[in-house]
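*Asks:* Given two chains presented individually in distinct reference frames, assemble the corresponding complex, making use of the accompanying hints.
If you want the building blocks of each chain, they are given just below.
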Amino acid sequence: MTETIENLRDFNYFKLNTNTHVLVEYIWIDGTGERLRSKTKVYDTPIKSLDDVEWWTFDGSSTDQAITKFSEIFLKPVCMVRDPFRGDPHKFVLCETYKPDRKTPARFNFRWIAEKIMQEASESDPWFGIEQEYFMLKRTGTTHLWPLGWPVGGFPYPQGRYYCSIGERNNFGRALSEAHQRACLCAGLKLSGINSEVAPSQWEFQIGIARGIEAGDHLWLARYILERLGEEFGIDINYDPKPIQGDWNGTGAHCNFSTTTTREQGGYEYIKEFMLPLLEKNHQKMMLLYGLNNEARLTGKHETGEYNQFSWGDGSRGCSIRVPIITKELGKGYLEDRRPAANMDPYLVCSALVDATCMNGKYLMTLIEQFAESLKQL
Amino acid sequence: MTETIENLRDFNYYQLSKAVNNTIVLAEYIWIDGTGESLRSKTKVYQTPIKTLEDLEWWTYDGSSTDQAVTRFSEIYLKPVRVIKDPFRGDPHILVLCETYLPDKKTPARYNFRWIANQIMEKAKDHKPWFGIEQEYFLLKRTGTTHLWPLGWPTGGFPYPQGRYYCSIGERNNFGRALAEAHLRACLNAGIKIAGLNAEVAPSQWEFQIGIAEGIEIGDHMWLARYILERIGEEFGIDINYDPKPILGDWNGSGAHCNYSTLTTRSEGGYRYIVDKLMPILKENHLEMIKLYGQKNELRLTGRHETGKYDQFSWGDGSRGCSVRVPIITKEQGQGYFEDRRPAANIDPYLVSAALVDVTCLNGEHLKQLNQIFEDSLKPLGQQIFQQQKEQFQQQTQ
Chain P
1 MTETIENLRD
11 FNYFKLNTNT
21 HVLVEYIWID
31 GTGERLRSKT
41 KVYDTPIKSL
51 DDVEWWTFDG
61 SSTDQAITKF
71 SEIFLKPVCM
81 VRDPFRGDPH
91 KFVLCETYKP
101 DRKTPARFNF
111 RWIAEKIMQE
121 ASESDPWFGI
131 EQEYFMLKRT
141 GTTHLWPLGW
151 PVGGFPYPQG
161 RYYCSIGERN
171 NFGRALSEAH
181 QRACLCAGLK
191 LSGINSEVAP
201 SQWEFQIGIA
211 RGIEAGDHLW
221 LARYILERLG
231 EEFGIDINYD
241 PKPIQGDWNG
251 TGAHCNFSTT
261 TTREQGGYEY
271 IKEFMLPLLE
281 KNHQKMMLLY
291 GLNNEARLTG
301 KHETGEYNQF
311 SWGDGSRGCS
321 IRVPIITKEL
331 GKGYLEDRRP
341 AANMDPYLVC
351 SALVDATCMN
361 GKYLMTLIEQ
371 FAESLKQL
Chain X
1 MTETIENLRD
11 FNYYQLSKAV
21 NNTIVLAEYI
31 WIDGTGESLR
41 SKTKVYQTPI
51 KTLEDLEWWT
61 YDGSSTDQAV
71 TRFSEIYLKP
81 VRVIKDPFRG
91 DPHILVLCET
101 YLPDKKTPAR
111 YNFRWIANQI
121 MEKAKDHKPW
131 FGIEQEYFLL
141 KRTGTTHLWP
151 LGWPTGGFPY
161 PQGRYYCSIG
171 ERNNFGRALA
181 EAHLRACLNA
191 GIKIAGLNAE
201 VAPSQWEFQI
211 GIAEGIEIGD
221 HMWLARYILE
231 RIGEEFGIDI
241 NYDPKPILGD
251 WNGSGAHCNY
261 STLTTRSEGG
271 YRYIVDKLMP
281 ILKENHLEMI
291 KLYGQKNELR
301 LTGRHETGKY
311 DQFSWGDGSR
321 GCSVRVPIIT
331 KEQGQGYFED
341 RRPAANIDPY
351 LVSAALVDVT
361 CLNGEHLKQL
371 NQIFEDSLKP
381 LGQQIFQQQK
391 EQFQQQTQ
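Sequences listed follow chains P and X, in order. FYI, full-length UniProt numbering numbers position 168 of the first sequence as 168, with every residue one higher than the one before it. FYI, full-length UniProt numbering numbers position 77 of the second sequence as 77, with every residue one higher than the one before it.
It is possible that part of the hints are untrue.
In the DSS-like style, the derived pairs of lysine-lysine whose C-alpha atoms are separated by at most 25 Å in a straight line are [stated by the list, open to error]:
#  : chain 1 : residue 1 : chain 2 : residue 2
1  : X       : 85        : P       : 41
2  : P       : 99        : X       : 331
3  : P       : 69        : X       : 309
4  : P       : 69        : X       : 125
5  : X       : 106       : P       : 138
6  : X       : 105       : X       : 44
7  : P       : 41        : X       : 331
8  : X       : 309       : X       : 296
9  : P       : 69        : X       : 105
10 : X       : 277       : X       : 123
11 : P       : 41        : X       : 128
12 : P       : 103       : X       : 331
13 : X       : 277       : X       : 291
14 : X       : 85        : P       : 69
15 : X       : 123       : X       : 141
16 : X       : 283       : P       : 69
Read the hints as simulated data drawn from the structure, not as lab findings.
Excised from the complex, chain X in its bound form (with noise of 0.2 Å):
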């Protein structure tokens, strides 16, 4: 590495950049792949100035290399459907996040969620459903290929037991600082609606929160803040995590817990409204819901760390030992917000945000459509296609 160091040595590439940022735009295409919890993004160079959504084109990507699409369909089409700076590239350029389509540019690629989510979040409009999710993460450290561990853990062993590390100071109790710092920065630089950060229960665990936002917004700056924190960890040599229950043993798992009011809940009333109307309906609706809160978590959700029990609903007034606090200020003021704690940290925030917008003001008619679709991504691609395959020749035919 020295040696190209040196033959280009004061020659910074980044500095290029700036002469050609008054012609060009460099759009970073992001999208979710066909595991539901990553992100991919491409480059393409704009040679026009790039003003809103609209001067953005359509794109496609090979989704054979994402688990999207077999070899034979492999196109599948990026919709682009929000635009925000690019910390890292600096003004002009741009991250664009997108929608996955197959090629008929109707029907949603896999794991696009947020095509019903948006249909959701316009029929509940008048509710004016806030969010504010709180995610949880751990930072590992790689050695070779397949080993990876928490960031300040002695290596292959446990540091000393959970109880010291929540917002934590100190090199003796908190490990990774820098990068949930340069992330927060980043994030606000981009636009992004980063409410906060602190340590975490387990050691190397972190918490970002994104909110308030309104409808759609919270999982598209959800996906776009995931984004930007995967991105600066590449640049740490840190890996991202968001396994429910990374370290099996008396530690702590990861949570995506979400924050939740509409109108009513924060009117005069919110909080008997919470409690007599909205507590029993999630109780009712807690088996199907909790399946759109995150694979496996079931080995996070075991009544202890500050959990509620998997297949049980419970509340409490602020308890964090169940599966929806109401926040002690909810009950003082009478109106507010309340916690369902229990989405896993690898949610789709789309999932989640609509899930919670249709069991509380839309009487819950999309449920079983939210699951049906949740549980058709999940198959194997090859079923889906031959599907696909078969509709598509069936159409012919006809």
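Bound conformation, chain P alone (with noise of 0.2 Å):
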């Protein structure tokens, strides 16, 4: 290697400009419905909406989305923002997948469900927090994976220590994570804040306040920046809900949820009185949609409520939704569902609580038959 490099060193090719051309990266959810794909389409005419970036077609029998005879999948550009790691003029361009005919969604967008329910609720102004939470695992060969920093085939010190922490005692990875929150806002993603979790090597990073159908766009976002920045530095994201077993915690995706209602006079009231019998009442239907393998996770212990059993408290963890203190106090502000799991899709969790808390539930059972449908064998 030493000798090769010596051939042409100092020269980078990632210098190289291409002010002549547009590096497209058409991004979409492929057929696990946990996982990115993606693939670049080279412009050589100016990008400057959305509208300039057009409708493409991939082979969906290579990502479980078609079989190989009718293989292909149409990618529709949705939301577009910089690419923060080829810089401008570059662009990420986030789709949504039909069949040949344009017009049926392939196998799990749900993109455009949400959409649709989000702008019939658009009264409402639906603001979404989510804190999306992973590990973060190091790999040996190509089926060994253990949590970074952790002893290899062993534990660490019990937890306690780890969340938030400073030091190279305690703290696994914040290259990592500080590098996807600059990558995020570079990109012009609504990344509100980072912090290391509970677990050793396991993070969190916040996308909100965003509103309608952004909170969706902007997590699917960040979590491609985020697998990328992995493959840099030779580390492996995790969104398993239950990654390791024993006493540790797994992993969620809290969603924090507002509507103009409860963020004006009596809000608190309004969420204490309608809103929480609303959730408690389709509590076994939108766990459906809160992310597969949770019953894993949500136990009644470290930090959760139990999966049968819809709870609440102020200010409480160990139940299904808190209403944070400043929301009491205030009189008025968000809820906090607890019970999303970090491999949900932001689309389904989303669009689900603002159905069923300003919609009467009208499209729950729709949801619930979409997901149902995506999960069947092609």
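*Replies:* Written out as structure tokens, the structure is:
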């Protein structure tokens, strides 16, 4: 290697200018519903807005979204941000996936119905803040993954010392989490904070305050940036709700939620008297949309509520819904739904919350059916 | 190594060339060698400015060292045919793609097919044939001279099965992005018509697309893009592999799908023209054309792993399991292009593009000749030279 590097020393490919072209990275959710895929299209015209970006197609049979015989899936650009890796003028374009008729959503595209729900509920002006947790894992060989900083094949000191920690002793992977924050802000995403979490090498970033469909878009793009950075650092990003068995926290994506009504005078009472009963009534149904394998995480221990039981409390973290002390104090504000797992689809969770609390659960069954359809084998 | 770096610490060779960039042009002459699949190159220093192709001279090289000539008659001529910027050395330096000729300057050397492709493209130029080729390749890591294994795979073993790698992101599933990205930048900088990039179905398999290129352009840009890719592979210590089926088992092979259209397919009624006229023509010529579509392609075209079978022609709208795919968008709009999925990654794009144009626009007039020329190149040199010497001797005695 050293010999060949000498051949072209001082030659930095990434400084090669590309003033004449715009590289557009098309990003979509694949046939697992939890992972993203992307590919690059070279444009030789300036890209000013989403309208300048064309629909594209990809091989759905390679992402478990189509069979070989009818493999074409369309990519419909829906959200464009700056590419923080390639820099200006290059772009990331988040896409919805559609079958060849361009109308039927492909497997695991839930954005189309989330957008519909958000539009119908636009008078309620729903705001979201999502706390995305994740583990950093280090790989040895194809199959073996173990959390960063943990002794190989063993366990570190028990939890208690790691949440928001500093120091070599207790904090693992800050560089990646910091790089992620910078990259997201550079891209123009609504990232509002980061912190290290309760389990060692577990982290959290928050997306918010995002309105309506924005929450889903920004969270998926933030996840994309995180995985790409993981490549750079050689670190695997893990959203499993309960990656390590035993006395170790699971990984969630708490969803902070408010509407016009909760944010105005009387909001706290409205939450208590009107919203919480609605959420309790729809608990079992909504849990179906809150992430696969979530039962392993929602045990009632480790700051969770039990999977099968709805509960809430002012300032309590051991239940399904936490109503923050500040909401009670001011008499208005927001609530925190602590049920969603880290691997949830934010389009499903956000639209379920809006639907249950503002539209009487009109679309809840549709959401569940759509999700169940996607889970079926092709 | 460290000691030598210390001796000349802070002395950067590449800064040197900047001082002479005004007066010197380094021209890298590039040609296809006697394997038909690899490229070679060497540098000529020009003390005069180079503005066009005409400013570049014909050159010669030792064909007996590239399996294109025997020692006794080793000179092979290099005829410059296309110039682009050199992305490695920067302005004003250039990369020069060349055709190879025997000492008479007229007879093409072994594996030069560009001359006939050019003729065919000239004849068919009113049809305006457009191409987009999806070049796939594997990234291999070397341990010692002989052992190569795909980048990111456990040494001597296998990673998780396919399904997770196509267009993937993340340390878990994506291997070698830096190289693919560097290649994209270098090609754009050089002025190559590169249209896109993605990770492919097999782990550490990648694809870049060259297009839309018209006529002879496609072969030129493809070979130059391949040249740049191999050079970048040197930098990263990564081997670029175009074998149609490098790893046996449930792992994809590497192809070079050729997207193709003509004036007629792009006009109203184009879709019907493709389906009713062109598909039958391609079916009729299938066995002749497939010979030009890459050595050992039979290992790849099994009917599985998104391929059609080697000795059977098939096509479908939007289907990837056949010889030719007619994209949904062509059907929708009633006009457009189709995708020939048969070519392997190790094709000569001059042969493939010429065959497609010949069969669809020129009634297949040259197909036999193309096949003949290709087979001649495959013959061991001894036979060829004997033939040439015999002809020359006969000419002299007449």
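*Asks:* Each hint: holds or not?
*Replies:* Tested hints:
| no. | hint | verdict |
| --- | --- | --- |
| 1 | X:85 with P:41 | holds, 22 Å |
| 2 | P:99 with X:331 | holds, 14 Å |
| 3 | P:69 with X:309 | holds, 14 Å |
| 4 | P:69 with X:125 | violated, 34 Å |
| 5 | X:106 with P:138 | violated, 60 Å |
| 6 | X:105 with X:44 | holds, 20 Å |
| 7 | P:41 with X:331 | holds, 22 Å |
| 8 | X:309 with X:296 | holds, 13 Å |
| 9 | P:69 with X:105 | violated, 50 Å |
| 10 | X:277 with X:123 | holds, 20 Å |
| 11 | P:41 with X:128 | holds, 24 Å |
| 12 | P:103 with X:331 | holds, 16 Å |
| 13 | X:277 with X:291 | holds, 22 Å |
| 14 | X:85 with P:69 | violated, 42 Å |
| 15 | X:123 with X:141 | violated, 44 Å |
| 16 | X:283 with P:69 | holds, 19 Å |
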